[in-house]
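Protein sequence lines correspond, in order, to chains A and B. Residues in the first sequence are numbered from 2 upward in steps of one, following the working numbering. Residues in the second sequence are numbered from 2 upward in steps of one, following the working numbering.
No wet-lab data here; the hints were simulated from the structure. Even for Gly, the Cβ is constructed at its ideal location relative to N, Cα and C. Some hints here could point you the wrong way.
Said to hold, decoys possible - Listed below are several chain A residues computed to face chain B (Cβ distance under 7 Å; list not exhaustive):
#1 M2
#2 L40
#3 P197
#4 V281
There are 2 protein chains.
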Amino acid sequence: MTPAEDAQLALLLEVSGTPKPGNVDRERDFTDLRFDHFLAGAVGAGPGLRAAERGAPVGEAFEQAVAGMSQQEGGNTQFGALLLLVPLVRAAADGDLSPEGVARVVEDTTVEDAANFYRAFDHADVFVDDPPEDAEELDARRGSEAVPAVESRGVTLYDVMELGAESDDVAAEWTGEFERTFWAADRLAELSGSVPASALGARVYLELLAREPDTLVAKQHGAKTAESVRVRAQEALEGGPEVVEAFAESLVEDGVNPGTTADLTAAGLFVALARGEVSV
Amino acid sequence: MTPAEDAQLALLLEVSGTPKPGNVDRERDFTDLRFDHFLAGAVGAGPGLRAAERGAPVGEAFEQAVAGMSQQEGGNTQFGALLLLVPLVRAAADGDLSPEGVARVVEDTTVEDAANFYRAFDHADVFVDDPPEDAEELDARRGSEAVPAVESRGVTLYDVMELGAESDDVAAEWTGEFERTFWAADRLAELSGSVPASALGARVYLELLAREPDTLVAKQHGAKTAESVRVRAQEALEGGPEVVEAFAESLVEDGVNPGTTADLTAAGLFVALARGEVSV
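Same shape as in the complex, but just chain A:
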């Protein structure tokens, strides 16, 4: 498979892993956000992922992927995952799918990439935290309206990610050589062979969740809740299937969605597939 195909498959395997506490999965639909929406999101993201594979600028490919992903009625399904996958696909297509290779791709991003990143917010309703003080103009919720500020300040997409890296673990991947993505890929490779790839994904999702508080949960429910979810993920890992199931039920009841951890899982699955360490 090509890098773009591996990325599309990674999106599908990620949502198919179950149980993935707090996220939509093969056995769990939310009321307005369902498994089917993620399938359509993965299909629709195809042209943008293929653009990245052909060497299109990261921002342009990302906007195209998000526009395609949004051709379904569930809203934001894979925005964060695509923000990780697009530079990873570029790195793979360039023949250097390594922490250094993807760091080079993201460090080379331009002001035009940043502008297209903001335009992507016009296509999907993405949960975003308040911007840092003195950066209100760059609030991602403004979408394409922020483009003039992006251009006048001359910020690249990498710069934008630096602004968010403290509070958002997708941005932190960009500025930190995709450390957790490659950690997840290594874990997937270690566990490979024991169960189907989607089940591996669910396992590594839980391991990621047990290691660091999910930043989407922190933004939506506060740092204390995010830390408590982390601790409970650790207990679920130690407790086995029934504890995991109970944990999953309680997160859904409380409306707690560790979405960033799901994004990291998709990125890890991509790296493991593209490296041939996990197969289907």
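Assemble the complex: chain A is given as a structure, and chain B must be docked to it using the hints.
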């Protein structure tokens, strides 16, 4: 979405509908054929489906789709579904997704299309019945070895389907204006809105199964078993969820796989999506 994207989504929605008695679905893996394999099959079929959309000859697009589908370890996942989808995608791209429109596409197939159809068998291990007497040379199990016979006899792909139409309901669609495909699409449209698209697919799968014996079951287990499966599908429809579940369990236990009915379901989902009668 484009016709090729609708086709890819139809493949994904089809396998995600549950319960789909006797077939792999979102909640049911077989030992060597799993949900993940169908996800990878749908991703891999993408380039062939896009070739059909761009107007490539049916046989060429089909062979490409099957080659792509086969980049996973489960074997034949969606061969029959692709044999329906490729001409349907062509018809949709030509702007006439109707029984007459797709009939025109399949009736226009050539000897070269037939040759590529046989080449597709080299990529996947497909269950095929014995050929009619006097047509041993055209046994599909010979794969590309049958190409010289195809060429010397001058048979088109439509001719090949006519040879199989009596015992194979995918072939019968080709020679019968895709009657059951459009029936399924109409049923999906009627039921639309009540449940997610994948669940609609599972419902219509059962209705298709209750109306006519599955030809793959007939080939593998005999006409009597196929008729008994049909009757039990009818009882399951009338009996509700618990009877459907019990039916599903017993088919898996007996190794009975109504795969042709799943192919027709995917084709019906495609038509309903492409016509905008079902949405995700």
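Results of checking the hints against the structure:
1. M2: holds, 6 Å
2. L40: At about 4 Å, which falls below the 7 Å cut-off, the nearest Cβ of chain B leaves the hint on L40/A intact, so it holds.
3. P197: holds, 5 Å
4. V281: holds, 4 Å
In terms of the numbered hints stated before, the structure departs from none.
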